[in-house]
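For the protein sequence lines, the chains are V and F, in the order given. So my numbering is basically just the index in the first sequence, starting at one, shifted up by 6. So my numbering is basically just the index in the second sequence, starting at one, shifted up by 6.
Simulated from the structure, these hints should not be mistaken for lab results. Careful: at least some of the hints might be erroneous.
If chains are identical, the list can't say which one is meant, so a pair holds when it fits in one copy or spans any two.
Derived pair list, reagent style EDC-like, types lysine to aspartate or glutamate, alpha-carbon separation capped at 16 Å [what the hints assert, rightly or not]:
id	residue 1	residue 2
1	K522	E284
2	K522	E438
3	K507	D463
4	K507	D445
Number of protein chains: 2
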Amino acid sequence: MTAIKNVLYIMCDQLRRDYLSCYGHPHLHTPNIDRLAAAGVRFTRAYTQGTICGPSRMSAYTGRYVSSHQVAWNGVPLPLDEFTLGDYLRPAGIRTALVGKTHATPNTDAQQRLAMTPGSSEAEQLNEVGFEAYFRHDGLFPDDPIFDSKREGSPYTHHLRGLGFEGRNPWHDWANAAEGDNGEILSGWKMRNAHLPARIPEQHSETVYTTDRAIDFIGEQGEQPWCLHLSYIKPHWPYIAPAPYHALYSKDQVLPAVRPAPGAENDHPVYNAFRQHEESLNFSREEVRLNVIPTYMGLIKQVDDQLGRLFDFMQSNGRWDDTLIVFTSDHGDYLGDHFLGEKEFLLEPAVGVPLIVRDPRPQADVTRGTVDEHLAETIDALPTFLDALGLPAADHRLEGRSLIPLLHGQQPAWRDFAVAEYDYAFQAPARERLGQAIDRCRMYMVRSERFKYLAYDGYRPQLFDLQEDPQELHDLGTDPAFAAVREQHQGYLFDWLRGLKRRTTISNQEIDLRGKRFRYGEPETEKLVPIGVW
Amino acid sequence: MTAIKNVLYIMCDQLRRDYLSCYGHPHLHTPNIDRLAAAGVRFTRAYTQGTICGPSRMSAYTGRYVSSHQVAWNGVPLPLDEFTLGDYLRPAGIRTALVGKTHATPNTDAQQRLAMTPGSSEAEQLNEVGFEAYFRHDGLFPDDPIFDSKREGSPYTHHLRGLGFEGRNPWHDWANAAEGDNGEILSGWKMRNAHLPARIPEQHSETVYTTDRAIDFIGEQGEQPWCLHLSYIKPHWPYIAPAPYHALYSKDQVLPAVRPAPGAENDHPVYNAFRQHEESLNFSREEVRLNVIPTYMGLIKQVDDQLGRLFDFMQSNGRWDDTLIVFTSDHGDYLGDHFLGEKEFLLEPAVGVPLIVRDPRPQADVTRGTVDEHLAETIDALPTFLDALGLPAADHRLEGRSLIPLLHGQQPAWRDFAVAEYDYAFQAPARERLGQAIDRCRMYMVRSERFKYLAYDGYRPQLFDLQEDPQELHDLGTDPAFAAVREQHQGYLFDWLRGLKRRTTISNQEIDLRGKRFRYGEPETEKLVPIGVW
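With the rest of the complex left out, here is chain V (with noise of 0.2 Å):
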């Protein structure tokens, strides 16, 4: 075959780039992953846009950075004049299907205020960003309608209530839950029981339970094609993983955290600020390490195990010949590097994103197997599948680009920096402690070949060498030496913010068709508005 018909485009919830064995793990052997490598592309320095889910997946499904879609943190709604996935590829007769997360929430308000009729095709199409839910699984059901108002309905939960997993939130009870002596539920939030068993047997487990639906799906399509976002919650938390994954990997093989040395430390205001957060501050025990982290590559190592699955799938009824495959993370996890947890700040654990990419026409045989050092983006993931299945570019609106052309072994012109943004806006213990106004609390990451810069409002830059500092252990945010790199960087972060696509309700083929019949009319007509004849 020498067409693309399908895309699937894999996306794991806060895996780090550097917790699978291609991207140089020592201990976390991950051969799925890695044969996907093997069989195409590589991306070493691939950054996602925002580092937590909603921001990230956001700029995933419209290949526009987090200032340009305006979903600054989880929970906040897509503005529907926002175009997805499924706005693109639907109308080119592509099923668009969603087996995962999307993090995505419903933009209620401005539905109601355009008299949007509820439940109907175009509300849910929104309701999804552009997804058709094959299987919807955010993953995270507490007890709060803000995070999930289908807690009730949620399909998995369904499923587990049929297998007889039953009490009031069998999502927590049994999949993210161990159990103790006596019985009691010892839940997965908390960190002391992440080396426990999970209480589900691991064929129904979250994972597993996705992957079979994945595989559904593609089964059910036959010929036909399609694009499926397959979208792992785990490895994040709660970080608790069934058996055998929960035991196979053992303190010995937890990696020394990433720290400045004392009296090296990074003392930027809005960095000490998160490490007074509750993970942070637990995060920074060993003791929290060396019980999360094993659980934390158990989860990435049943992933790995369920792709070995899908992929043997696919090849044997012809869809690894015409798919495109990517496989990536929405963000990663300090998991106490920095002396941080979570992911909220830009460092390389939270902002790299491992990106591998597949394309399985000849064109690409040339670089198979390769590592590729490019500057990639999230944003770039829309930009490629378009490019792929032959589609229009969308360039009033799309920010990222083509990945394909990189795959195909040719020189194109490249972006000179990544740019990712978070906004602690959303973070009152941080923006309380810093007394900053909720309009103040933007950072910016401007990461080029060699430096990232990051930028802050109403507080000093930092600067990291990666070349000679790859850690981001020594910030040259003061540092007169690098003034002239600061100055640079800061130019970028001027010029990517006015370049941002801000003109998203008219192509730039009509602005051309315009702009002509406006001012010089028809050949046979005066111009349109006859203005400044005389």
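For chain V, the structure is supplied; the task is to place chain F on it using the hints.
Below, chain F alone, put in the same frame as chain V:
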């Protein structure tokens, strides 16, 4: 009365700030607009956000900069997500109506994508950018549906037909044309005809009919609260006035063109490209200026006379005392200054607008009849209305600020600079002459207390010292002595770009609430999502 019940938002089209006697015109006496200024505050440094109709007006109606609302030129649809005046006022029970022009373009593609019902009240409201179209009159009815899809159905055209003014296009053939010696129609589009009277008696002209409709609306409302956007198409071209206004002013009363001395000319490439436009070449000829400008003045005089009638009416029925009145313009007109015609460049004749605000409350007595030199912007109107009416500020969307504190003699912290934008992607002649890509045609004005800085994609900036050179005849864009000033203003632009409101689907109050609930939990419960807990 001590409360404001109503808002009258008067806008002229293409009215230069300096073509009113209260702003210093020596020959054009506008006693009624001056009377408003004497009863309110006259802002001497008010700027539009964009120098053509669509962008400027969408900034007025959304309270947001052009880069935020995305309407970069005429005929570009407003995104459906943008809130407009009516969205803010109507829920408070304030009838929000239009009499005259908005230059709104229906966002039909977006409405179809959401399956909105054509003709539904929500669709109509979006098409009218939030106004109830009591009488819409965009004033441009050439033979092309881009500019007015309701051409045949325009109420003003119907009115003319009802009076016996027939023909394919009565707006053009009667209201905007003169008559030759042999009864032939001489088009108002041709500036050579500007000195002739329109074929229509004054009482049926656009300016009078528009005023009639405003008086009808205000009368109908009685004591019920309202916001009326009274939006005159004049003195916008076609430059042709009904008798006696076509002959009120003589060639002797045309002020000399403001132009650099030979050898000291502005040599910026973008400026030079605009100088090559047909209207610029024509307005550079004295013959054209002398034929057009007296009529331009006559059209303004007619507006002033009509406003006198309206203000008398409001004083007679009590509305003068409970209505906030704003008088402004959407942009100016070069009229040959700087060798330019039209308005598509960011010098003072185009970007400076008159702005007069009358707050009827006693708290504003302290400033009545005074002049205010604060930098004001078109986007300030909407926040001013909300403030005057006691409605919430919507500060996650609105980028302007209320002028009420200034009207009440307070000393609020104020902006350091005003910003305007222009995108010449739509002007094929300039763009093609410069060889710029469609995405690289943006211009920005940063106007501080003393200086004006103009930034261009791909070209050097310009700088004018408005204190020493108020006519902008000496471009300091390459003067080494002003390097620090240019850098300061580039910094302003950088700050402005960073500060644009890009989180419009969630209010600041909601962010604060969620941020606290998310991290701290309710008093009696644990954190909602117990991340990072040991």
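Okay, the hints, checked on the actual structure:
1. K522 to E284: between (60 Å within a copy, 14 Å between copies)
2. K522 to E438: between (53 Å within a copy, 10 Å between copies)
3. K507 to D463: For K507 and D463, only the inter-copy Cα distance (14 Å) is at most 16 Å; the intra-copy one is 22 Å.
4. K507 to D445: between (22 Å within a copy, 8 Å between copies)
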